[in-house]
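There are 2 protein chains.
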Amino acid sequence: MSKQLLAHINKYIKVSDDEFETMQGFFTLQDYDKKDMIARAGTRCNFNYFVLSGCLHMFFIDDKGTERTVQFAIENWWMTDHLAYFNRSKTGFSIQAVERTQLLYIHHDEQEGLLSQFPGLEKYFRIIYQVAYGSALMKMKYLYDLSKEEIYFHFVDHFPEFAQRVPQYLIASYLGLTPEYVSEIRGRKRS
Amino acid sequence: MSKQLLAHINKYIKVSDDEFETMQGFFTLQDYDKKDMIARAGTRCNFNYFVLSGCLHMFFIDDKGTERTVQFAIENWWMTDHLAYFNRSKTGFSIQAVERTQLLYIHHDEQEGLLSQFPGLEKYFRIIYQVAYGSALMKMKYLYDLSKEEIYFHFVDHFPEFAQRVPQYLIASYLGLTPEYVSEIRGRKRS
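Just so you know, the sequences run in chain order A and B.
5 is the number of the first residue of the first sequence in our numbering; add one for each residue after it.
5 is the number of the first residue of the second sequence in our numbering; add one for each residue after it.
Misleading hints may appear alongside valid ones.
Repeated chains share a single entry, so a pair holds when one copy, or any two copies, can fit it.
Unchecked claim - Taking lysine-lysine pairs in the DSSO-like style, the calculated list, with each CA pair at most 30 Å apart, reads: (1) K127 to K68; (2) K38 to K68; (3) K127 to K94; (4) K127 to K39; (5) K39 to K152; (6) K15 to K94; (7) K7 to K68; (8) K152 to K7.
Simulated from the structure, these hints should not be mistaken for lab results.
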């Protein structure tokens, strides 16, 4: 199953099977059921997660008690609170399985060890973060620029796989819309 | 002046003066006046900018013709449309000097050359992007979680230097507020 991580790394840099054999020792494989909690707000953010199958979402509870999703991760995505992970501090976000999920996780200290033993991986993680950061800036543009209805259909058109798999109320939360509003505009399109 | 970039790199990795001498050759030094345009929406995003002094903002024009700022950069910050830069595609953002600004810029191809000649710099850029991405996720949390008034005072409390230097209408734009609303809540605090 971890061959999947090797294939993902090899999209950006070259790692041999032998090197990867050693790299694997830094990771732990774990299965989660739908709705299982993987990390909780208020705890120290020690781990980085690579999704092999399934789907995660990262959220916080706002002051009205509503879950607000800020990020999804499906196959071949890394997920954590990257700032808290970098600073080894407590996180304000929780991470939960949206569906049955299998992932590899790595502890902060282990990731430092991995990178110092295999400095070639710095390029891999540089690209992962560069693209994720650029995408976050684009998301801000869409949230500012598009009408609520356009935000929803832009998301559905660009990420059809998500729209199929992820419950509507989570997509609504991620886009800053209410579930009722999403139902309404979906009905409008169908009619 | 580029000693400043060396000092910034040396916060995260070790680069000798001799190595940096060669690295400098990849960059161009440029001065801009307040309000000068540095990059324009609709053009190919070929450059990455490191601010030595001054301040930049990155913005787009929304469908009502309003400038919407998505990012600032002051001393020691990198700025570009990172996704378009990575994909070598056209950008939907413009970059402009908020005040008199001196920066170093590097072409995409040159940055690839720099990284392949000095792979140790991958770690430096990995950390730059990791922290920037983590911060973008935090910004989304604040935008969702806080009231408009809290968003403004959170920003002013956490980035007092910005609040002093950057015109209020740009801060308002960055926080998704109207300039009138920012004037109003500033007046309220003073009274």
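*Indicate which option fits the pair K152, K7 if close means a Cα-Cα distance not exceeding 30 Å: within, between, both or neither.*
neither (40 Å within a copy, 47 Å between copies)
*Since the copies are identical, ignore which copy is meant and state whether K15 and K94 lie within 30 Å (CA to CA) inside a copy, between copies, both or neither.*
between (32 Å within a copy, 23 Å between copies)
_K127 and K68: within-copy, between-copy, both or neither at 30 Å Cα_ = Cα proximity of K127 and K68: none, with 41 Å in one copy and 40 Å across.
*Between K38 and K68, at a C-alpha cutoff of 30 Å, which is it: within one copy, between copies, both, or neither?*
within (25 Å within a copy, 42 Å between copies)
*Give the relationship of K7 and K68 under a CA distance limit of 30 Å: within one copy only, between copies only, both, or neither.*
This pair counts as neither: shortest intra-copy Cα distance 43 Å, inter-copy 49 Å.
*How would you classify K127 and K39 at a CA-CA limit of 30 Å: within, between, both, or neither?*
The answer is neither: 33 Å in one copy and 35 Å across copies each exceed 30 Å.
*Quick one: K127 to K94, C-alpha cut-off 30 Å, is that within a copy, between copies, both, or neither?*
Answer is both; intra-copy 27 Å and inter-copy 24 Å each pass.
*Could you figure out if K39 and K152 sit no more than 30 Å apart (CA to CA) within one copy, between two copies, both or neither?*
within (28 Å within a copy, 32 Å between copies)
The structure fails to meet hints 1, 4, 7 and 8 from the earlier list, while all remaining hints are met.
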